[in-house]
Amino acid sequence: MEFFLESILNGICMGSIYGLTALGLTVIFGVLKVINFAHGSLIMVSMYVAYWAIIYTGVHPYVALIIVVPVMYFFGYYLQDIVIKPIFKAEKDVREPITVIIVTTGVWYILDNLTLLIFGPQYRGIQNNPLRGKMLDIGNMLISVPKLWGFVTAVITAAAVYWFLQKTRTGRAIRATSLDREAASLMGINQFKIYNIAFGIGTAIVGISAVTLVPFYNIFPSVGVLFDIKGFIIVVLGGLGSIGGAIIGGIIIGLIESIAPMFMTATWAEAIVYGLFLVVLFVKPSGLFGVKYDW
Amino acid sequence: MTRKTINTSALILLGVVAFGIPLVLRSPTYLHIICLLFFYAYLTTSWNLVGGFAGVLPLGHSAFVGIGAYTSTVLSLQYGVSPWLGMIVGGFLAGIVGILIGLPTFKMRGAYFALATIAFGEGIRVMFENIETLGPLNIRGPRGLEIPPTHTGFVNFMFNTKEPYYYIILVMLIGVIAFTYFISRSKLGYFLNAGGEEPEAAMSLGVNVARAKLIAMAMSSFLTALAGTFYAQFTLYIYPKSVMSLDLSFEIAFIALIGGRGSIAGPILGALLLRPVSDFSRIYFGSSLPGLHLIIFGTVLILVMIFQPRGLQEPLLKVYNKLLDRILQQAPQGKAGHEYS
Numbered sequence: 001m002e003f004f005l006e007s008i009l010n011g012i013c014m015g016s017i018y019g020l021t022a023l024g025l026t027v028i029f030g031v032l033k034v035i036n037f038a039h040g041s042l043i044m045v046s047m048y049v050a051y052w053a054i055i056y057t058g059v060h061p062y063v064a065l066i067i068v069v070p071v072m073y074f075f076g077y078y079l080q081d082i083v084i085k086p087i088f089k090a091e092k093d094v095r096e097p098i099t100v101i102i103v104t105t106g107v108w109y110i111l112d113n114l115t116l117l118i119f120g121p122q123y124r125g126i127q128n129n130p131l132r133g134k135m136l137d138i139g140n141m142l143i144s145v146p147k148l149w150g151f152v153t154a155v156i157t158a159a160a161v162y163w164f165l166q167k168t169r170t171g172r173a174i175r176a177t178s179l180d181r182e183a184a185s186l187m188g189i190n191q192f193k194i195y196n197i198a199f200g201i202g203t204a205i206v207g208i209s210a211v212t213l214v215p216f217y218n219i220f221p222s223v224g225v226l227f228d229i230k231g232f233i234i235v236v237l238g239g240l241g242s243i244g245g246a247i248i249g250g251i252i253i254g255l256i257e258s259i260a261p262m263f264m265t266a267t268w269a270e271a272i273v274y275g276l277f278l279v280v281l282f283v284k285p286s287g288l289f290g291v292k293y294d295w
Numbered sequence: 001m002t003r004k005t006i007n008t009s010a011l012i013l014l015g016v017v018a019f020g021i022p023l024v025l026r027s028p029t030y031l032h033i034i035c036l037l038f039f040y041a042y043l044t045t046s047w048n049l050v051g052g053f054a055g056v057l058p059l060g061h062s063a064f065v066g067i068g069a070y071t072s073t074v075l076s077l078q079y080g081v082s083p084w085l086g087m088i089v090g091g092f093l094a095g096i097v098g099i100l101i102g103l104p105t106f107k108m109r110g111a112y113f114a115l116a117t118i119a120f121g122e123g124i125r126v127m128f129e130n131i132e133t134l135g136p137l138n139i140r141g142p143r144g145l146e147i148p149p150t151h152t153g154f155v156n157f158m159f160n161t162k163e164p165y166y167y168i169i170l171v172m173l174i175g176v177i178a179f180t181y182f183i184s185r186s187k188l189g190y191f192l193n194a195g196g197e198e199p200e201a202a203m204s205l206g207v208n209v210a211r212a213k214l215i216a217m218a219m220s221s222f223l224t225a226l227a228g229t230f231y232a233q234f235t236l237y238i239y240p241k242s243v244m245s246l247d248l249s250f251e252i253a254f255i256a257l258i259g260g261r262g263s264i265a266g267p268i269l270g271a272l273l274l275r276p277v278s279d280f281s282r283i284y285f286g287s288s289l290p291g292l293h294l295i296i297f298g299t300v301l302i303l304v305m306i307f308q309p310r311g312l313q314e315p316l317l318k319v320y321n322k323l324l325d326r327i328l329q330q331a332p333q334g335k336a337g338h339e340y341s
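Quick note, the sequences are listed as chains A and B, same order. Under our numbering, the first residue of the first sequence is numbered 1, with each subsequent residue one higher. Under our numbering, the first residue of the second sequence is numbered 1, with each subsequent residue one higher.
Keep in mind that the hints were calculated from the coordinates and are not lab data. On a predicted model such as this, the values are computed, not experimentally measured, just so you know. Any given hint could turn out to be false.
[Unchecked claim] Chain B regions said to be covered by chain A (calculated; three or more residues, Cβ under 8 Å):
#1 122-134
#2 164-174
#3 246-257
#4 285-297
#5 303-314
Glycine included, every Cβ here is placed at the ideal spot set by N, Cα and C.
Take the sequences, apply the hints, and build the full model.
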């Protein structure tokens with residue numbers, strides 16, 4: 001029984017980190033209405049930034065947030081501004097430009113392989129950090145400390161993003177653009193500036209999730225691929241554009257991954273995740289907590 | 001000389017050159033590369049039937065390659081069925097799976113459709129990786145299947161040299177191009193085109209868009225599976241990550257997109273331009289600059305999508321037509337002279 005509970009708790013913690021990665025994706029989708037296929041690569045880039053920041057300064061992994069968040073914000077901001085904006089300008093009337101999927105996949109290929117070219121294929125991990133391998137002992141249950149930190153970070157980040165979107169002026173402009181591009185533009189909101197900011201924020205959240213991963217995860221050029229498809233599944237599961245949905249969707253995936261191996265081979269858990277994803281797509285494409293879109 | 005005669009003779013010349021290549025080029029390495037090039041051109045052309053004409057973005061086509069490869073290989077390894085027969089069986093099996101995937105997914109739009117096809121493709125791959133035996137069929141999970149190269153010959157679809165493979169894939173490629181050409185001129189082709197660009201308008205005119213897309217999907221998956229059998233017999237070793245990987249699905253779709261989806265020449269052009277770049281950068285820079293070919297691929301993808309969203313075939317066709325104009329104008333007693341006067 002305790003073993004079961006232990007798996008559930010660890011599943012929730014890991015799942016909330018998945019949810020945090022997907023939160024970045026969902027913020028971008030909510031505003032731009034496109035799925036960013038370079039999502040995994042942005043996680044990978046963030047992990048490398050965090051890795052070097054921690055290695056060079058020797059600080060506690062979470063202090064690296066000070067460096068990673070602004071770097072990734074501007075990375076996302078200019079990625080949207082330089083690479084993706086031309087597509088939006090060319091396809092003004094298209095509600096959900098499919099071309100962006102293709103372009104962001106191009107970004108994925110370039111980032112992953114450029115990293116491979118520069119840093120090589122070897123696995124890197126931050127061995128001597130205060131979080132690595134730490135276990136919290138509650139009763140007879142062992143809870144991974146870095147994952148617990150990740151859980152707390154995910155909840156705080158989601159709350160902060162929610163607050164930002166609801167209460168601040170920029171947040172309102174972002175929501176207005178998300179609801180209706182043309183009307184927002186008529187109200188004097190610079191649509192493309194908002195896109196840049198939203199992409200920047202989404203990428204910065206990805207950066208936060210990378211910092212939570214770095215203490216216990218290995219870093220290598222194709223590490224993002226592991227989070228790529230998972231991220232897409234989570235956001236559709238939780239409802240594209242829904243902040244709470246992303247976290248809950250992540251926790252669902254985390255629970256499946258931690259509980260399913262008790263009853264079957266671990267690799268089958270992956271098949272269950274795909275199956276669940278397809279069921280949600282067919283039965284309720286707007287996801288568990290999503291706003292109903294008109295498709 | 002008219003434009004038409006020039007076009008036809010250019011095509012015939014191209015065909016003659018294609019059939020003549022193995023007579024001149026004796027190196028098995030190069031023939032191997034060209035075989036794979038044609039294999040990709042075949043796949044992108046098959047993909048184009050649904051990804052191009054039907055105007056959606058399927059990103060799970062490698063599942064059909066895998067179904068084709070596995071069906072013929074399992075049948076020939078366990079029951080001694082000729083891979084040629086297995087090829088057809090695999091094709092029909094893939095066609096059925098294609099319809100099953102298409103039925104629920106074609107209702108979705110844009111990104112949702114792309115994501116659903118990814119999930120289907122990946123789900124099928126994960127299943128193949130986890131299953132050792134499927135009823136009486138032995139598919140050996142992630143280890144895959146090896147085909148012992150003992151019985152060579154046409155019936156067994158196995159040869160000691162590359163030339164027969166070359167001619168088989170060449171004929172398959174020509175066949176699929178002819179088929180696509182036929183479809184694009186048929187009622188189905190017009191239905192698909194209309195449904196891809198303006199589904200609501202097409203439906204209001206009485207076009208059954210969903211049915212047209214399903215037929216296209218069935219044909220596309222059938223044809224894709226045939227190439228799977230070719231690949232299995234060509235490499236004699238298949239495993240889920242080789243024939244069903246997401247990378248392969250993406251490569252098929254993106255080569256076609258770079259060349260120009262929805263046109264007949266586009267997907268072939270994409271394969272002809274991109275495969276050699278990727279092969280040669282892998283051969284020459286594979287150890288010193290790993291991943292270079294994918295950086296090039298990604299860059300080309302982005303640039304094409306930003307500057308030539310209809311693919312590379314458009315500017316190249318323009319250049320070709322301009323060239324033809326010049327030739328026709330210079331010809332002193334050509335018919336073209338009258339057309340311009």
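Results for each hint:
{"no.": "1", "hint": "122-134", "in the structure": "holds (count 6)"}
{"no.": "2", "hint": "164-174", "in the structure": "violated (count 0)"}
{"no.": "3", "hint": "246-257", "in the structure": "holds (count 4)"}
{"no.": "4", "hint": "285-297", "in the structure": "holds (count 7)"}
{"no.": "5", "hint": "303-314", "in the structure": "holds (count 3)"}
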